[in-house]
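Residue numbers (the working numbering), protein chains in the order written: chain C, 71 to 503; chain W, 1103 to 1425.
One should not assume that every hint holds.
To be verified - Under the rule of at most 30 Å between Cα atoms (straight-line distance), these lysine-lysine pairs were calculated in the DSBU-like manner: (1) C:Lys231 / C:Lys264; (2) W:Lys1109 / C:Lys391; (3) C:Lys264 / W:Lys1294; (4) C:Lys391 / C:Lys483; (5) W:Lys1141 / W:Lys1109; (6) W:Lys1294 / W:Lys1283; (7) W:Lys1141 / W:Lys1171; (8) W:Lys1171 / W:Lys1142; (9) C:Lys264 / W:Lys1310.
As the list claims (entries may be wrong) - Footprint (simulated), chain W over chain C, 3 or more residues, beta carbon under 8 Å: (10) 262 to 275; (11) 386 to 396.
As the list claims (entries may be wrong) - Every beta carbon over 10 Å from chain C, so not counted as near; a handful from chain W, in silico: (12) Glu1115; (13) Thr1118; (14) Leu1193; (15) Phe1220; (16) Trp1299; (17) Arg1356; (18) Val1391; (19) Pro1410.
By construction, these hints were calculated from the structure, which means they are not laboratory data.
Since we're looking at a predicted model, the values are computed, not measured.
All residues carry an ideal CB built from backbone N, CA and C; glycine is no exception.
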Amino acid sequence: MTANGVRDLLLRGGRVLDPSAGRDEISDVLLRDGRIEAVGTSLGVPDGAEVLDCSGLFVSPGFVDVHCHLREPGREDVETVATGARAAAAGGFTAVCAMPNTEPVTDNQAAVGFIIRQGIRADAARVYPIGAISVGQRGEALAEFGEMVGAGAVAVSDDGKPVVSAQLMRTALEYAQAFDIPVIDHCEEPTLAKGGSMNEGTMSARLGLRGIPSEAEEIMVIRDILLARRTGGYVHLAHMSTSGSVELIRWGKERGINVTAEVTPHHLTLTEAAVGEYDTSAKMNPPLRTEADVEALREALRDGTIDLVATDHAPHHYDAKEREFADAPFGIIGLETALALVVTELVDTGIIDFATLVDRMSTRPARLFHLDGGTLATGSVADVTVFDPSREWTVEPERFLSKGRNTPYAGRKLRGRAVYTIVGGRVAFRLEE
Amino acid sequence: MTSALGKDLLALEPLTAQQIRLILDTAEPFKEISERAIKKVPALRGKTIVNLFFESSTRTRISFEFAEKRLSADTVNVASVGSSVQKGETLVDTARNLEAMRIDMVVIRHGASGAARFLADRIESNVINAGDGTHEHPTQGLLDILTLRDRFGDLEGRRICIVGDVLHSRVARSNIWGLRKLGAEVAVCGPKSLLPWGIDEFGVTVFKRIEEAIEWAEALNILRLQLERMQAGYIPSLREYNRVFGVTRERLDRAPRDILILHPGPMNRGVEIDSDVADGPHSVILNQVTNGVAIRMAVLYLLAGGRPELAESAKASAPGAER
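Chain W on its own, in the form it takes in the complex (with noise of 0.2 Å):
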């Protein structure tokens, strides 16, 4: 059966605002379920999901993982430690392997941009894109759209920056490509050592400094700076960068405006987002997290097929069917 989304979820970038409008109204009965004393429904039941993941994920593996679970499919973890990836298994006989075992969804994270769809093209289960390298992380792009709309409503007109290390970021490509198409006004913001050659051509406007941003931004989406890209000599210091980008109380006072909190997590408290920051009262740091489990439930219904206009049903047949 064709999902209203195709085969497969591996980015943002090709899909149209209806198709993630579709994605971001059926999260919204799903939101309801974890709300429950018994967080399950039978929508996926029978379902086998295999959570592949090749680099290490605490926050979307478990949230997939309770997506599957609270949808009632059967699922199976395969981290890259201890299993035979380690033995130097290539991912063509991983995804052939898979499917020989007639699996119906693989959740896949893996460090090489464009290993989602690798496995995609070459299996007939669903496979939905966890993030891949530096490429896409389209279920994060996602929820931060689905939060940004809980607060904004319409997001057409909004204006959004993503802020920090754009260049090795997959939840930055899928924001912007997600939120260009529903109509938001996009920005990144970080030193240009940061990010990609070219970004302006993404219909992105362009930051230098980090105040100009928060004069102009409605919300900031602030990115996880890595340890390692210092070590690498992006930038000179973490020190550094905290004083000249990091988002700080103090700069957010001089806003025109109060300015919505997003940061897709881990974060590194005092590097790019001061702790008073991250939990103050325009924070929704903690709703993406949230949102994070309804958007996964909605991408899992809608491959297996569920029909968008079931998905209230669904919920609502649910706890009956699991007694």
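So that you can see chain C by itself, here it is in the shape it has in the complex (with noise of 0.2 Å):
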């Protein structure tokens, strides 16, 4: 027993995976006050010290979550920071970053101070929020970066919606360089994409609906790059969707552009062959694509052009999604079967492997955010996921911690889940058997 009253935890006997160290051996590892204390083989037990056995599971730094949405302020029948954050805590996220297209909008220092305080409050998953461009995300006025990222904002987006202005995003690159925060685009050009419910291709023709093509994302991928190029300012690409974006990303980084990127679980395992007959629960923005876009993200994601990969949690209540396809909202949460489908579609079938998923789980999202964690080393933050690489289990959604249960993948057989989420030396998730 340490003086915060925490109690020092050792993980015991895992398989420690540290891609910031290259890190990949079977240890124990050592919590205190917080912090990671040791990594090492055969520690000796601290007195007062809890002991989780940890045999045959990965203990990594901690997931981070760079995009999802909590809904609250505002939709509190939804989503609230709190169980959102304990729906991340279960999924193993020990942070996740909160997207700002709350009601009202998180668009200013009082707004960024509320969020942390209830995620403060929640004492699940760290919960830090992102700041909007614009004010109230009209895309017309900035909004005060400043103080937003001095009450705790880690970067800006009007996620939701697209920067159509051209001429604001470039001054979002410029403005936002002195406080060394990415800044956010939902790439999405709205003339393109206006009225379109699903991926323009056969299918939307097939069933009538309006299409969003892949060009509506890429001309704004495209533009994002150029201006952060002119800028020399930070972008970072949300949920990207289609392979046409992955050949960009990849001309930016190849010129050195300040350009990273996100996929969501569900464009790396879902084409718009889920939409099916109208099923609502396959309406995301941008839509779920096609084959070879899906085989273009897996490898972008394995090769690193896709930096990391993010959830986009966007709880919805059931009534919204039980509707017409085209008056449905976009969005299906996330983040408690994000660790799962990456395990089971992209490590089980060989396309990545374990150290490379906390890369781009924990190490990158936290290192391109510049949040603690991310890392066992000595000193940093105690924010560990500890999972089980094989065990199975059925996406049953009544049985989230998160109040949406709006996700295609329900009945889904899953590998790979969540045991312990420890965040700052506490426990914050258990794994009941």
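Dock chain to chain to rebuild the complex, using the hints, since each chain is given by itself in its own frame.
What follows is the structure in structure tokens.
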């Protein structure tokens, strides 16, 4: 027992996987005072320490989700910071970044401070607010980045709404440099995407649904990359969905332009075929695309062109999804299925290894967004995910800690599950047997 | 009782050629009922049917209503205006309420693609799609096909071109699937801005110019061009549309053969079709309307579990039973 009342934790005998140090070995990890105290073999058990048997499990730096929607303030009926943070912990995430499309919009220091406080009260995964780029996400006046960062914002984004004005995007990329934060864009050219509810292709033609062409995303991807080149700013591209976007990001990175990108588990694992006969649980924005896009995204995640996996966790009330396809809202939840989807569909299929999984879900997101964690280096914050790579389970939405039930994976058998999610040295989630 | 068509008729895409032929063949004896002095048979006596129209429709709604009444069903019409739908009721709740009233069938017209399917998945009653968004309008497709069959007999190898706003047309999709299943060659023609992306993967030929379509086709099914398309910027003007894509007497006169003219209505005379074509000797536009009632009778009869081979006798027993 230590001064702050948190017991020391000894994670014994797990396979310790820390890409930040190139570590992959059976080892013990000792956590003390909210920090990583030691990593090594046969560590002694300090007095009063709790010992967690991690044999057969992976011990990695905690997962970080840089893109989720916690709906508070405004839509506490569909999710709150507390339920979202608990769902995150259940999914193995020790930190999440909450998008600012709340009601009212998180576009000022007071609103950012509210999210911070709610996150602390939740006492689960850490919650980092993302501030809006523009006041009210209206795409007109720049929000006060400096004050929002001062209050705890870690990035800015008008997510859910694309930054339509190239001039505003340029200004944001310039202005954000003073605070060393990423400017995140939801890439969608609004006139091309207008009225669309799924990928534009043969399937949308068949179903008589207005499509969203790949180019609606790609035009904004290249615009943002070019603006990053012009300004020297850092642009992070949210939820990439097309093979064309991958090529454009590759082009930008080859030229040393400061661009990073994320992909969601659903864009890595599903195609537009999931829409089936108007299944609204497969309606998201950007839409699910084609087999070729999924292939390209998987390869891009493997080779690092796409830097990280983010969930775009977007809870909706079941009523909202229980309606005509074109009228249903976009988005699915993802915090509690992300790990298992990546394990089942990318690791078990041999596309990436576990070290890459940890890199893309912990090391890189923490580093790119300048967050604590993402490493097991001695002295760093004790945010640790212990997961079972082969644990089989069935997705039962009614058992989620999130208030959301809107997932296209209901009933799916998956492998891989968080067993202990440790935040600041405290066990925030423990898998019930 | 499961009918030869299943529970519902939502689209022609999932039907087999055999099922389509069954509907067409069942429609044949029903055609004659509408020619009688007493236009009524008891085939659906005691059945309750709701015509649920969330979009305005005159022709389709009346056609269904006549079909239902001529089969002796009890029908109720619900239009979106004046119903609880106007008060913001969801389609789910509408469905549940209908179900609670123990109705047998619902005919639904709705502005959202997939709405008929949505309803069918949630109620036990038979559902007939009377047009859902820009998806399908199966009974219109069937009546178009019946009209073509009346003239051509077997449709195998016959060349039919659908002209106009295919992008927004549920009629076009039902025609494409239905005609192709019966072996016809199908083409579409219209400005590229009004053709769905990926249409060539439907197994249809695409003509960029109406002249090429007329050169090729044995029948044209000419789609209504809605004024909103111009307002939404898909085409510059209705006037230019008529000049470039309009089916005119002059253009048809240059065709190597007589071309059968269909139009699902309502027509914009002078836009997609000229009056002398619509009223000309090769127009079967009114035959389509007549066939519409027979097709809808056939669909209602079959979904209610009526046996196709008994359609003739259902008809025969009619007058006496009604008196």
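Here is how each hint holds up against the structure:
1. C:Lys231 / C:Lys264: Between Lys231 (chain C) and Lys264 (chain C) the Cα gap is close to 12 Å, so the pair holds against 30 Å.
2. W:Lys1109 / C:Lys391: Distance ~25 Å between Lys1109 (chain W) and Lys391 (chain C) Cα, so the pair holds.
3. C:Lys264 / W:Lys1294: Between Lys264 (chain C) and Lys1294 (chain W) the Cα gap is close to 18 Å, so the pair holds against 30 Å.
4. C:Lys391 / C:Lys483: OK: Lys391 (chain C) and Lys483 (chain C) at ~23 Å, within 30 Å.
5. W:Lys1141 / W:Lys1109: 27 Å, holds
6. W:Lys1294 / W:Lys1283: 25 Å, holds
7. W:Lys1141 / W:Lys1171: Holds, at about 9 Å.
8. W:Lys1171 / W:Lys1142: Distance of about 7 Å is within 30 Å: holds.
9. C:Lys264 / W:Lys1310: 26 Å, holds
10. 262 to 275: Since 5 is at least three, the answer is holds.
11. 386 to 396: With 6 residues close enough to chain W, the hint holds.
12. Glu1115: At roughly 7 Å from the nearest Cβ of chain C, Glu1115 (chain W) sits no farther out than 10 Å, so the non-interface label is violated.
13. Thr1118: Since the minimum Cβ distance to chain C is about 17 Å, Thr1118 (chain W) lies beyond 10 Å and the statement holds.
14. Leu1193: The claim is violated: Leu1193 (chain W) sits with its nearest Cβ about 6 Å from chain C, within 10 Å.
15. Phe1220: 6 Å, violated
16. Trp1299: 5 Å, violated
17. Arg1356: 32 Å, holds
18. Val1391: Check passes; 24 Å lies beyond 10 Å.
19. Pro1410: 27 Å, holds
The structure does not agree with the numbered hints 12, 14, 15, 16 stated previously, though it agrees with the rest.
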